[in-house]
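Number of protein chains: 2
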Amino acid sequence: MSVNAVQDIRAAIARGEWRKPTSGLAPGFTQANVVILPSKYAFDFLLFCGRNEKPCPVIDVCERGVTAPPTAGPDADMRIHVPRYRIYRHGVLEQETEHIRDHFTDDMVSFLLGCSFTFEQDLLDNGVPVRHIELDRNVPMYITNRECRPAGIFSGPMVVSMRPIPAALVEKASAITAKYRRAHGAPVHAGDPGVLGIGDLQKPDFGDPPEMRAGEIPVFWACGVTPQMALKRAKPDLVITHAPGYMFITDIRDKDLAQS
Amino acid sequence: MSVNAVQDIRAAIARGEWRKPTSGLAPGFTQANVVILPSKYAFDFLLFCGRNEKPCPVIDVCERGVTAPPTAGPDADMRIHVPRYRIYRHGVLEQETEHIRDHFTDDMVSFLLGCSFTFEQDLLDNGVPVRHIELDRNVPMYITNRECRPAGIFSGPMVVSMRPIPAALVEKASAITAKYRRAHGAPVHAGDPGVLGIGDLQKPDFGDPPEMRAGEIPVFWACGVTPQMALKRAKPDLVITHAPGYMFITDIRDKDLAQS
Numbered sequence: 000m001s002v003n004a005v006q007d008i009r010a011a012i013a014r015g016e017w018r019k020p021t022s023g024l025a026p027g028f029t030q031a032n033v034v035i036l037p038s039k040y041a042f043d044f045l046l047f048c049g050r051n052e053k054p055c056p057v058i059d060v061c062e063r064g065v066t067a068p069p070t071a072g073p074d075a076d077m078r079i080h081v082p083r084y085r086i087y088r089h090g091v092l093e094q095e096t097e098h099i100r101d102h103f104t105d106d107m108v109s110f111l112l113g114c115s116f117t118f119e120q121d122l123l124d125n126g127v128p129v130r131h132i133e134l135d136r137n138v139p140m141y142i143t144n145r146e147c148r149p150a151g152i153f154s155g156p157m158v159v160s161m162r163p164i165p166a167a168l169v170e171k172a173s174a175i176t177a178k179y180r181r182a183h184g185a186p187v188h189a190g191d192p193g194v195l196g197i198g199d200l201q202k203p204d205f206g207d208p209p210e211m212r213a214g215e216i217p218v219f220w221a222c223g224v225t226p227q228m229a230l231k232r233a234k235p236d237l238v239i240t241h242a243p244g245y246m247f248i249t250d251i252r253d254k255d256l257a258q259s
Numbered sequence: 000m001s002v003n004a005v006q007d008i009r010a011a012i013a014r015g016e017w018r019k020p021t022s023g024l025a026p027g028f029t030q031a032n033v034v035i036l037p038s039k040y041a042f043d044f045l046l047f048c049g050r051n052e053k054p055c056p057v058i059d060v061c062e063r064g065v066t067a068p069p070t071a072g073p074d075a076d077m078r079i080h081v082p083r084y085r086i087y088r089h090g091v092l093e094q095e096t097e098h099i100r101d102h103f104t105d106d107m108v109s110f111l112l113g114c115s116f117t118f119e120q121d122l123l124d125n126g127v128p129v130r131h132i133e134l135d136r137n138v139p140m141y142i143t144n145r146e147c148r149p150a151g152i153f154s155g156p157m158v159v160s161m162r163p164i165p166a167a168l169v170e171k172a173s174a175i176t177a178k179y180r181r182a183h184g185a186p187v188h189a190g191d192p193g194v195l196g197i198g199d200l201q202k203p204d205f206g207d208p209p210e211m212r213a214g215e216i217p218v219f220w221a222c223g224v225t226p227q228m229a230l231k232r233a234k235p236d237l238v239i240t241h242a243p244g245y246m247f248i249t250d251i252r253d254k255d256l257a258q259s
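Keeping their order, the protein sequence lines are chains S and Y.
Position one of the first sequence corresponds to residue 0 (numbering that gives the first Met the number 0), numbered consecutively onward.
Position one of the second sequence corresponds to residue 0 (numbering that gives the first Met the number 0), numbered consecutively onward.
Identical copies carry no separate label here, and so any pair may be met within one copy or between two of them.
No more than 25 Å apart at the CA atoms, straight line, and that leaves these computed lysine-lysine pairs for DSS-like:
1) 39 / 234
2) 53 / 254
3) 234 / 53
4) 231 / 202
5) 53 / 178
6) 254 / 178
7) 231 / 53
Hints were generated in silico from the structure; no laboratory data involved.
Produce the complete structure using the sequences and hints provided.
Structural data, given as structure tokens:
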């Protein structure tokens, strides 16, 4: 698949022809979480991401008023190329919408953050099973007892996603994901959920309960819900994000993200 | 050496008892470049560093008005614990001073950036010679033909430092320095200086000319002079830096910096 094909997909999204989550769309190209904020919050948020790289890996930033991500999509437009947006005011979800032409001003700063879709494909390509994909469920996610390093108005716990991995493949899964510093990187923990303050794996805070099989170890990766929780807690007067699962598709190939 | 000893050294610096460059002071502890700016420039500068990690690796940031770096020195004071400061206004050096109590306001944001002192010690410890240290000279530095990715008001060429390395040790030197993402990391180039637009190794733009010996390859690392050039070009109304060689000594051990 070529960058041109990615641009065609984004054009279809802008025309309202794609109304599903983006999982599986544009295989080989990195998908990104989206956070768009008024500029007065931009330094604090960028610093929060820098201080908490595993849950909040920055792929690209559009400066104040800029609509095209310089690296991730120089021909893209952050106002129309995400299939579904969420608009929050003072921490409360106000609406979901298919474009933000009316909400994006010259003062907005857009952030693209890495997402675990990137490393899941690499796991599958290397024979490491990814249970929630097999079962067509959402990955289970848990709020941990580890606090992020705060920055300005942003703070909160680290959220992790969990994938059950056969014991013999844990090291391989760790090595594969460690390559993707900009997509959550290596696991933060493998084994006893209690170490992260997680009481019951079958009661995730977000997503669907896991199916653990004999000989499997629960492996935990930092998760992109972490910055979302920090945003909800900080209650900025306005923040626009992608709707869960409706990501921005970048021009960056997964294999290139691994190098960066 | 303990963190307490580092605090004692900083106390001596604050009392004006240390009036030399900090090279060799507090061995095993990371030294950092210092940039202190009014908050209106902080987002652009942090973004510039993030977009140009090799020349501008961020070790720590003090938020607006904060004088203690949260990770690098929670008991330190950026106003008094650098042995010599430089104060620039609109890109012009106004003065050198031993403290900045009268210039630091509640609006200032302080950045600590990684420095090659960190990896030079590791090179020496592993039998890789570092010529300019042997000769007690300054490392040669060159302005390259590679432009940094700009961010807001900040832009400029990448500056590199050069160390002549015996051909058989280039790979080893590369592997050692690659561990230090927050201290310029792996070389950006080894071999023909022309690739970086450098015409004559004997005419560095900064520092002293090198002494190349038979069988040695010139190896180039991204250099902390890069952000200084970007600052000079941007001409912010005020910026305070360390004086060259008079660094901030952090509480972070070099071996821990390698992990981060």
